[in-house]
Structures are given as structure tokens and as C-alpha cells.
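> Protein sequence lines, in the order shown, are assigned to chains A and B. First residue of the first sequence: 1, per my numbering; consecutive thereafter. First residue of the second sequence: 1, per my numbering; consecutive thereafter.
Note that these hints are calculated values from the structure, not bench results. Take these hints with a grain of salt, some might be off.
[Stated by the list, open to error] Partner residues aside, some chain A positions facing chain B, computed with beta carbon under 7 angstroms:
id: 1; residue: LEU36
id: 2; residue: THR44
id: 3; residue: MET65
id: 4; residue: GLN74
id: 5; residue: ARG80
id: 6; residue: LEU81
id: 7; residue: PHE296
id: 8; residue: HIS358
Every residue gets a Cβ at the ideal spot worked out from N, C-alpha and C, and that includes glycine.
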Amino acid sequence: MEGLIKKALGRGQADYIEIRLEDKAVTSVVYSGKELDSAGANTTKGGNVRALYKGGWGFVSFNSMDQLEAKVAQACQAARLVGKGKSVLAKVPKVQADIRVSLKDDPRNISLAQKVELTKKYNNIIIGSKGIISSGVRYEDVFKKQTFANTEGSYITEERVYCGAAFSAVAKDGANVQRAHDTVGGTEGYHTVLKLEKNAQQTVRDALGLLKAEKVSSGKYTVVMDPKMCGVFAHEAFGHLSESDFISENAKLKKMMTLGRKFGTGALSIVDDATIKGQRGQYYYDEEGVASQKNFLIKNGILVGRLHSRQTAGRMNEKATGSARAINYQFGPIVRMGCTYIEPRDYSFQKMIGEIKHGLYVVSALGGMTELEMFTFSAMKAYLIKNGKLGPMVRDVILTGNVFETLKNIDAIGDDLELHGGLGGCGKGGQMPLPVSDGGPHIRVKDVVVGGK
Amino acid sequence: MNKIIQQILDLAQKKAQAAEVILVEGKESPVEFRSGKLHSVEHKEIKGAGLRVIRNGRIGFSSTTDFGKLKELVDHAAAGAAFGQQAAFKFPVGCKPAGVKTADPQMEKFTTVRAVAEGQKALDQLAQKAPALKCDASLNKRIYQITLANSRGFSGEYRKTSFSYDLNGVAVLGGSLLQLGQSRNSGHLDLATAEMTSKIAELYQNSKRTAKLSSGKMTVLFTPEAMRLLWLSIALGVNGKAEQKKTTPLLGRLGEKMLDPRITVSDDPLLPLGLASAPFDDEGVCGAKMDLFYKGVFTNFIYDLQTAGLLNKKSTGHGNRSFSTQPSPHVSNLVISGGKTKLAQIIKGMESGLIVYDLLGAGQSNIMAGDFSVNIGVGYQVEKGKIVGRVKDAMVAGNVYDILKNKVLEISAETEALEQNNIAVNTPAMLFDDMNVAAK
Chain A
1 MEGLIKKALG
11 RGQADYIEIR
21 LEDKAVTSVV
31 YSGKELDSAG
41 ANTTKGGNVR
51 ALYKGGWGFV
61 SFNSMDQLEA
71 KVAQACQAAR
81 LVGKGKSVLA
91 KVPKVQADIR
101 VSLKDDPRNI
111 SLAQKVELTK
121 KYNNIIIGSK
131 GIISSGVRYE
141 DVFKKQTFAN
151 TEGSYITEER
161 VYCGAAFSAV
171 AKDGANVQRA
181 HDTVGGTEGY
191 HTVLKLEKNA
201 QQTVRDALGL
211 LKAEKVSSGK
221 YTVVMDPKMC
231 GVFAHEAFGH
241 LSESDFISEN
251 AKLKKMMTLG
261 RKFGTGALSI
271 VDDATIKGQR
281 GQYYYDEEGV
291 ASQKNFLIKN
301 GILVGRLHSR
311 QTAGRMNEKA
321 TGSARAINYQ
331 FGPIVRMGCT
341 YIEPRDYSFQ
351 KMIGEIKHGL
361 YVVSALGGMT
371 ELEMFTFSAM
381 KAYLIKNGKL
391 GPMVRDVILT
401 GNVFETLKNI
411 DAIGDDLELH
421 GGLGGCGKGG
431 QMPLPVSDGG
441 PHIRVKDVVV
451 GGK
Chain B
1 MNKIIQQILD
11 LAQKKAQAAE
21 VILVEGKESP
31 VEFRSGKLHS
41 VEHKEIKGAG
51 LRVIRNGRIG
61 FSSTTDFGKL
71 KELVDHAAAG
81 AAFGQQAAFK
91 FPVGCKPAGV
101 KTADPQMEKF
111 TTVRAVAEGQ
121 KALDQLAQKA
131 PALKCDASLN
141 KRIYQITLAN
151 SRGFSGEYRK
161 TSFSYDLNGV
171 AVLGGSLLQL
181 GQSRNSGHLD
191 LATAEMTSKI
201 AELYQNSKRT
211 AKLSSGKMTV
221 LFTPEAMRLL
231 WLSIALGVNG
241 KAEQKKTTPL
251 LGRLGEKMLD
261 PRITVSDDPL
271 LPLGLASAPF
281 DDEGVCGAKM
291 DLFYKGVFTN
301 FIYDLQTAGL
311 LNKKSTGHGN
321 RSFSTQPSPH
331 VSNLVISGGK
341 TKLAQIIKGM
351 ESGLIVYDLL
361 GAGQSNIMAG
371 DFSVNIGVGY
381 QVEKGKIVGR
391 VKDAMVAGNV
401 YDILKNKVLE
411 ISAETEALEQ
421 NNIAVNTPAM
431 LFDDMNVAAK
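Bound conformation, chain A alone (with noise of 0.2 angstroms):
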């Protein structure tokens, strides 16, 4: 193949190519209530060609594999309908690397039933449980080998293995219906779904849990972050908006986003890590040949870096920074996060309790939306802090506020981290979902605006 595909970009005609070809094997099974859904695995093996010309992009995705030259043409052929202007990339190291994924427990050696038992097992905690109406328990594995050449002499082949399971439980109680999930994935093999009966459990606890709970009563308070939504918030509320694609098409956020600017207080540091091995969110080498780096976003409080693709990054005169994935073969790469996280610090979450006379501790985030600088999440549970002690729990919780003035209001960022990947993912110019890890410390936010009843 690598002779075909070399062969292939010395035929086409513009000012840079590259091709990209993907097998991939996904493993899935999903139980919803008493009944498994279905349980199997599909294959696919796709391909694409992205060609530049002029600063225009033209892209090409197949499936079969012949004729690999007239593909390239017919990128050519697209981008040269769009280039009017000047092809500008980033320059980057060519890159000759051979990865290959080698687990002592490659989910691939495991058998379906053994896949099918085990989602079964915490199925039946869930679904088996009193109160609970309705259950979902979902495996899944996935196996991706990808291979990317492009013009500039690069040649890179990369395995990636993913592996997860999520859990949802609904309660009822008269008319009053609840639910709770979790979930938990990455790419270090099959133990990463053992031993898992206690998020079961506790998914089952949460949804009995916010039956009992209260509604939030609206207003301003000072919130502890549990590591997830401290995730949530470090990637969907600040680093979407390190995402130089944004940057370049919005003169109003350029302007918010000036490197340099203050942030926060000299402790708060945000960190795209791709390189963290086991994570969800890890890889090598993104969908351009870039390696995977660790990114400062914030340093030490001051807006120090932002997230390239090769074109953004030339554009801005800055260095690429290995963040242009794309979700598979049929898209081009965009520029995304990889692992997004806060740094710790030296605060105990004890202590960030104990200070607070009247606040909320908030537990893990159901979803949110963003508009620029404004985010609104919704956690999954929270509970009240009176005098220093956690109270009981309540629901309906909803965080919105400004991300900059958040980021200001950070008094206090615990000793802990926790980095969490899951079977999701985040979703962006049609492509969902992308595999990403996020997370942090406990953090203490000040002045937090929570809608409710």
C-alpha cells in the first residue's frame, strides 16, 4: 500500500497533499431495561485525500481503495475551485513513525460473551434495583489503524484502542421521574471495564437520590467543582474558545483572547495534554502528522497558548500544536482538544468546604451550551454547604455565567486530580464524537449564578 500511496501524491497537482486510511473494528453492547439491545461488531475501512491550492481546501473520502490516483485528482480538481489566495501551513518536523498498540488485555482477545456477561452483570445491579424503572448499560471497544502520508515526505501509522462503558438509571416515584449515568473509558485495555460494579451502584444511588432531593432555590453562590464538572468547564466554558479556528473567524473573540491578557488568579494554569497515556483523549500524532504536545493554555493566571491546526497556525505566525483530529475518515481535521484539564494545587477539598458558610458542592455535569463567553451547565447532582459541612442533596441544578469572570472568581484549586474520558465525546463542525478526556482538581468558585425554582 505504501508504494500505491506515495505513487498516488506524486501524480496530484497543487501545493500540498496528503491521504489518510482507516480500518476500524467496533465491538458494541447495549442492554436497555431487562433486554440486550443488541450485541456485535462492525468493520470499516475508509479513506480520504485533502489537497491544497491556493489557501483553498479540496477533500476527497471513499471507501474502496482502487483507483487511489483519481482520487487525488479529483481533490486537486475541488481545491482549485476554491483557492483564490495563498497557501499558508505551519512548517512541522517529517515524521516516519510506525505505532502500534501492544496491551497485556487487548479487548480484541475477549469474546463476545464474555462482553455480553459482564455488561449483563452490571445491568442486572442497575435494572435489579428497587425504585428503578428503567436501565442502560452500554460496552464498547474499538480498534483503529490509521495511516497518513502527505507530500512533504511524512509517512505515519498509528493504532488506537478504546475502550469504555456508560451507565444510566432512571428512578420513579408517582409522577416524579429521575435520572443519573456515568461513565468510564480510555485506551488502556479491557480492565478499564472490571470491577465497575460500584459505579453501577452508584449510578442507582444518584437516581433514588434526586427523588428525595429538593430543587435548588435560585441564586448566587459559592460553588465547590467536583473534577468533572471541573472538566466540563475547562473544556466546554475556556477551551473551545482556545481553538484558533473560532479565533480566526471571530474578530470579537480574538480580541477577548489576546495572549498575555490575565486571567486569573497566579495559581490557575489550563492544560490540553494529548500526550497522557491511557486517557481517552491521548493519541501520537493528530489527522495532519503533528505530534501530540502538552499545551499551556493559561500559565500561572496570564493567556500564554492556543490550539493550531498547520493552517491557523501559519495564518497566526505561530507554532502548530498537534490539535487538528478528525472523528474518521470522511472529514477533515478541525482544530480540537485533546485532554483539558486544570492543574492542581495545594488546597484539600476539607478545607475548601469547611470555609464556606453558604455554597453548593456540584457533582458531575448532565450537558451544557456555550455562546462565546456565556456557558450554562447543568450538573448531575448536587448537595448543599452549610457552616463548613455538606448538607443534604438537591437537583435541578443550572451554572451559567461569564467564562472570564468565572475564571476570575476561582479562590481556591484543590490537591486532587482526576481525569475523566468516558464513552462519549465532544462535538464540532459535524463531527461527534470525537474522543476526549477532561477533568481537574476540586476548585472553589465564587459568586456563581445557579438557576432553579
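Starting from the known structure of chain A, fit chain B onto it as the hints suggest.
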């Protein structure tokens, strides 16, 4: 029969008692303009196969796009069958496919260069008609070949074309963001450029004044665009799977008057060049036009083979899927009968109320139950038959089954073919009485 399909069926029958293969081959050519400039030109070729087997009475499924690994495909499907549902059906032997037009020959000749030129033309027109708007455009032509065969002898294929065309404009008006759009989704090459740009310009003109709205009950005209939200609930409600799982509010209501007697809702897979038209469904069952509600009376659920089997019914030809998923019931083209009054006449007759076009946040409510509470993205206040200004920061709420039964004042004579959430509808506009509107 197609060689690949024959090969898969032969391999599968060594491992299972019955098998069915769907082969999907397609080409899509999306062209996209952003902020008035050509942004991207792409070509996507898709070729994939899905295999469903019945082995020892249970269903197994797998899919692939790697045609060098057909043995693996069969092994995966057979392995999955060990855990699959009990098959409540047999693959159909065959039916006589109706002659329905599913491919527009014009589409084959519509090149990317022409798509780029058409998009540019639209943007030029918008620049002239509504210069304050920053505009995006996208055109996508799709040409697919669908082939289906099973081990009981059914074999069929057809060519299917579809075309989507979107124009969107954004402007900051009166201190807030205004987003206006027009979409066409159809089986034929629907190059309604002039019509779409004029409509956007008209909406923009109407948006220049902001109406002062106070909360309360009022008459609201749902344009065909806005009506899509209501049909989404109906499409979920009539789904046989929701009957089987007992989640639909239509459970046990066959023969009951559920909607206004002026409303007839049909499902028509044989609509010429309809977005969801096909000579047979994705399981090889031939469908035909069928009333779901006749003069307001609920008459039919829709089924695929498995759901019908579980309920001791017959498939209505609504098995729907891509090559990579198992079939489940899905409506084809929903066709809602038009009324007697012209739309312009209905507006003229409105003493006071709202016209709504774009509704945001459709996913936030309990769609199955029919509840909705949505922001009005694009909507206008009407006084004495005339549009007086744009409505900002307002919500409209209600229940689909309630308003379609009890609150219909008028149904427009004109209908429009539209799509949302993968549901193709041909719908009139409707004027509803006594709707809850909340202004912020």
C-alpha cells in the same frame, strides 16, 4: 443478482438458516459557502453492506465497508445471533414493487462547478436584496444505489437521488442576533434560488421593527417550517415500536378521534421524487399510501417486520435503516391534507396574534407526549392582518395532541415539502387559537 451480495448470502447460509443483505453505494458532493465566500468543495463516496441473519431463531447483525473481509462480516453476524432477539418474522419472499420515481436524471448532470455557480448566484442575490446579512450557503447532491436481497428469494434495487439546499443569513439587529434561513430538501434538483433569496429578504424587512409583546393567550399561525415540530411528535407517536414499548400516547386509541376532523395525515412512500420515497422498504416489504389519521380519526400504526411480528401484526413497509444499523419503523413521506383558505387570506383575517417560522429548542421538551415549550427564533406580531414587527425573546408552549384537536382555526391551502430530524413532511400552515405565549 449483484455478485457481492450473492457471495455474502452464500457464505451466510453456511452459518445461519436465513440471511439478508443490504448494499448501499452512494456519492455526495457538498459545496459550502461561509460568510459569502466559497469555503469547501467535497466528494464523498460511500459503499457499505449490512448483513442480518437468523440463526437458531435469533437475529444477528453486522456491517462493513471492507469488501476484502466478507468472511469476517458473516462471522460477526453469526456470533451476534447468539445474543440477538428472537426473530418474530421471516424474511419476505418478495412483492411487486410499485413504479415510483426515486431518481431525478437532472441530478446526474448537476456538476460541482454548477453547484458552485448556483451558490454564488444566491449569495449575489442576497447581497443585493439584503445587504446587511452575512450569508452562508450549502448545496449537497446525493446519488445512491440501494440493493437488497435475502435467502428466501427477494431481490431488488433502485437508484435514489436527493438534493439539499440551505441559505442562511445573520445580522445584528436591534441589539440582538437575527438568524434567517431557507431550506429545500427534495428528491429532485430544486434550484429555488430566486424564491429562497426573496423570502429571506422579506423576512429581513419584516424584522427591522421589533414588536412589543406581552405574555398571554393568543392566536398563533404556524408556518409549514414551524409545523415540522408538531409532526415530529406525531411521527414518534404512530411508531409501532412505541406501541410495543407502550410509550406512545396513541396506545389503544385506534379508531378514536384524536385530531381535528379537517386533518388527514397520510404516509406515502410512493410520492414521486419524495425525499423518503422507495419502491420497497429496507427489508423488502412493498409499502403504499396509508392514512395514519383520517379526518382526525387515528387509523394506523407503522411497523417493520420484527415489531409487527412481536405484536402479531403485518409489516406496513416501514422498515428503515442505513447499511450499518438494524431496521426499525420510521415514517416515509408524511403528507398532510391542505385546507381551503389561502395563506395570505388567513393572515389578512388575523385580528391580532403571531406568525412563527423558526422554533428553537425542539429537543428540550417531552416530544413523545407531545409537549412543547420552545423559543421563537423567527416570528412576527400581526395586528389587523398586517405584520407589525419581529418578536424577540418569546416562547410558545402547548401540547401537540391538544392543539391539533381543539385549537385549529384555519388550515392553509398551500402545502410545503420540508424535512427535519430525518422526517420528510408535506404540510400546510395552521392557525391555532388560544396558544400560551410567554414574553421575557
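> So which of the earlier hints does this model not fit?
The structure conflicts with hints 3, 5, 7, 8, although it agrees with all the remaining ones.
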